[in-house]
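Asks: Sequence:
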Amino acid sequence: MDTPFGRPQRRKEDQRFLTGRGRYVDDLRAPGALHAAFVRSPHAHARVERIDVAAARGMPGVSAVYTLADLPECRRPIPPAYAAPPGFRPWAQPVFAEPLVRHAGEVLAVALADSPARAADAAEMVSVDYVPLPAVADLGAATAAGAPRVYAEWADNDAGLSDATVGDPAAALAGAAVVVEADLALAKVAGAPLEPRGILVVPDGADGRFTVWIPTQGPYALRSVLAAAVALPEEQVRIVCTDSGGGFGIKGHAYPEDVILAVVAKRLGRAVRWMETRREHFLMGAPDRGQRHRARLGVDGDGRIVALETRFARDHGAYVTLGEVITRNTINHLPGPYRVPNLLASGRNVVTHTLGSGAYRGSGRPEAAFVRECLLDRAARRLGLDPAEIRRRNLVRPGEMPHLTGLIYRDGTPASYDPADFPASFERLLEAFGYADWRKRAQGTRGGRRPLGVGLACYVQATGVGPFEGADVRVDGTGAVHVFIGVSSQGQAHETTMAQIAAAELGVDPDRVTVSAGDTATLPFGNGTGGSRVAANSGPAVAKSSREVADKARRVAAEMLECAPADVVLAGGRAHVAGMPQRGLALGEVARAALRSKSLVREGQPGLQVCGYFAPETVTFAFGAQACAVEVDVETGALKILRLVATHDCGRAINPLVVEGQLHGGIVQGIGTALGEELVHDADGQLVTGSFMDYAMPAAADVPALETFTVSYPSTRNDLGIKGVGESGIIAPPAAIVNAVEDALADRGVVLAQVPVTRARVWEALAGARRA
1 MDTPFGRPQR RKEDQRFLTG RGRYVDDLRA PGALHAAFVR SPHAHARVER IDVAAARGMP
61 GVSAVYTLAD LPECRRPIPP AYAAPPGFRP WAQPVFAEPL VRHAGEVLAV ALADSPARAA
121 DAAEMVSVDY VPLPAVADLG AATAAGAPRV YAEWADNDAG LSDATVGDPA AALAGAAVVV
181 EADLALAKVA GAPLEPRGIL VVPDGADGRF TVWIPTQGPY ALRSVLAAAV ALPEEQVRIV
241 CTDSGGGFGI KGHAYPEDVI LAVVAKRLGR AVRWMETRRE HFLMGAPDRG QRHRARLGVD
301 GDGRIVALET RFARDHGAYV TLGEVITRNT INHLPGPYRV PNLLASGRNV VTHTLGSGAY
361 RGSGRPEAAF VRECLLDRAA RRLGLDPAEI RRRNLVRPGE MPHLTGLIYR DGTPASYDPA
421 DFPASFERLL EAFGYADWRK RAQGTRGGRR PLGVGLACYV QATGVGPFEG ADVRVDGTGA
481 VHVFIGVSSQ GQAHETTMAQ IAAAELGVDP DRVTVSAGDT ATLPFGNGTG GSRVAANSGP
541 AVAKSSREVA DKARRVAAEM LECAPADVVL AGGRAHVAGM PQRGLALGEV ARAALRSKSL
601 VREGQPGLQV CGYFAPETVT FAFGAQACAV EVDVETGALK ILRLVATHDC GRAINPLVVE
661 GQLHGGIVQG IGTALGEELV HDADGQLVTG SFMDYAMPAA ADVPALETFT VSYPSTRNDL
721 GIKGVGESGI IAPPAAIVNA VEDALADRGV VLAQVPVTRA RVWEALAGAR RA
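Reminder that position 723 of the sequence shown reads as 723 in the numbering used here, one-by-one numbering, no gaps.
Think of the hints as simulated: they come from the structure by calculation, not from any bench. Quick caveat: nothing in here was measured; it's all calculated off a predicted structure. Ideal Cβ placement from N, Cα and C applies to all residues, glycine included. One or more of the hints may lead you astray.
[Claimed, not checked] With beta-carbon atoms standing in for the labels, derived distance ranges:
1) ILE408 with PHE468: 18 to 28 Å
2) ARG771 with LEU404: 41 to 51 Å
3) GLU617 with GLY406: 45 to 55 Å
4) GLY208 with ARG23: 52 to 62 Å
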């Protein structure tokens, strides 16, 4: 039977967006709503001596100007999205920065007025006296002896250590035929979604609930934070996720502005709204990456890995918002798709006087791939091996699945790879890319002005982390299907893919399925969007609930058609007797009858409706690899990506078009990480790349025609066989591109130490190699 599951289908939500019917925060209006503007510290580290709001309060159209002194409800710190593990030093993120500022942009006051312009003018009139203090704005400064401390009560700027050891790496490295070492760094990057953050708070919504409209990725966690702040039961607080112009992890946790505006709306009994400016977003939208590694890889004479070691630091900014999650993600992804019998990873979690870091697409995986894959290429050059061959010799074989890495994943279970064929997938990539031809072509350009290089990078990605997601599925009297899920969308096409899953189970066209997402009033419990987890968590939940609704429909239809439930077929929006399609009923008719079905009523389950949950035992690991060809202009350092091909194992693809779109989007962001994106702070902690004129997002000219294909080795961790794909594209480009540049310039002795590899850094590396 033809099924919508696995079928390419255009995104249902695009019709709404393309015709201007999207519902973003800035589109929403509430009668009498006040507009907010925030007073922010210009200093990265300072003591606040005095805040004078008198002049601002007297301005036309201004309803209120509040500081911490006016809002004692805001004295409670913001709960971290993930608690730090035992042994980490205690810390707390205040809602208002008073009396101590720990990064530029922290909130000191909020102005409420009848227009955004008047609110902004009032905020400008607030006078603040500061005593500036010494700041540390990067890992080097923060870890130097005698560095100014972010928390005076700490002995230094280390929040805690995240580490793991497998086997005996020291002995293995001592006995290795070849050991390559490298100092490697990844810059801090911004998620920079099309839509910055925004919020509309209505203290007395139409249903009587305290209602917050916001494009958050974590509605249930945010509900808990805001309910505590306004002293209401969680059931009285409703979070409604609006359409979102991107998230990438940036919108995944609570921010000070969210808490302040919730408290203010309750205090005033009026709706309050705020839209972040792009400058504010660079200052306050949590960044990621910011890692520095000192790493070693040992291999035997045949190029087989004997040990991998890295001692690294992650820049958390002023607040350890996600605990050790990103650091631990890096550690758990270090082995990648290879056999690594001995491993040591030691990650320092360092605080600095910069904005607290969050999660950005990939969150820890690109860092691990960058370190491992760059070391592999350098080991291959030392041994005279082809970069593809050294990977062939180390990839986990199909007969070794499920493969245990020896590490414990952050959900507390042993890291174990799903059955798959990594070598076969890798060979398909090489063939699709034309690897042998590109290697020959690159050889012919050695010594010229524009040499070519070929880069490879492989990875595994843990996807579908729990603890659970749910789905409420209902069929109404017209035969339309309504699916309610707790996760919100930032562009992942949930309205399309979840509809395909429900439609496959219920035998209806996906166009007859409406998916409503991210409203805490429609589903009691949920977690959120992130970690490539929606398809692998919400997908099975939708399938489970839809399957149970289908079973109910067969039972009711069997009563009406006088046959056994097992003989009822659901197809084409109808229920009919197997082998007798003319003897059937419309699904809507069955739904109406289900309200009167004696058997369903006796069981306390009238109607075609089921709410169910899916909880995975652990994550599912997906394999991927990318190959690229890069041209380097040795006179200017300019780079040009000539070709990039990617493969990814997403298990069973719900919608191949959506998978391709997710891969393309991630690859482009990975190219940005590799070539230009970097948040730069000066020595005083001031952000100097706070606009799109300074922060180098990839342009169309930087991106070649992308070629992607998927392989399918269904997951054993959920009954749909799904593996995640949302973050996959971004993992490999930094490593593959750096490997390609080093390949192009290997005869000149050039090695690179960090991404992004700007043309200035390439030129400097060439100049340094000439001097050496």
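Asks: Hints first: check each against the structure and report whether it holds.
Replies: Hint check results:
1. The beta-carbon spacing between ILE408 and PHE468, approximately 20 Å, falls within the hinted interval of 18 to 28 Å.
2. For ARG771 paired with LEU404, a C-beta distance near 47 Å keeps the hint of 41 to 51 Å intact.
3. The beta-carbon spacing between GLU617 and GLY406, approximately 19 Å, falls outside the hinted interval of 45 to 55 Å.
4. Checking the proposed 52 to 62 Å range against GLY208 and ARG23 shows it is violated: the Cβ atoms sit about 22 Å from each other.
Hint compliance for this structure: hints 3 and 4 are broken, all remaining hints hold.
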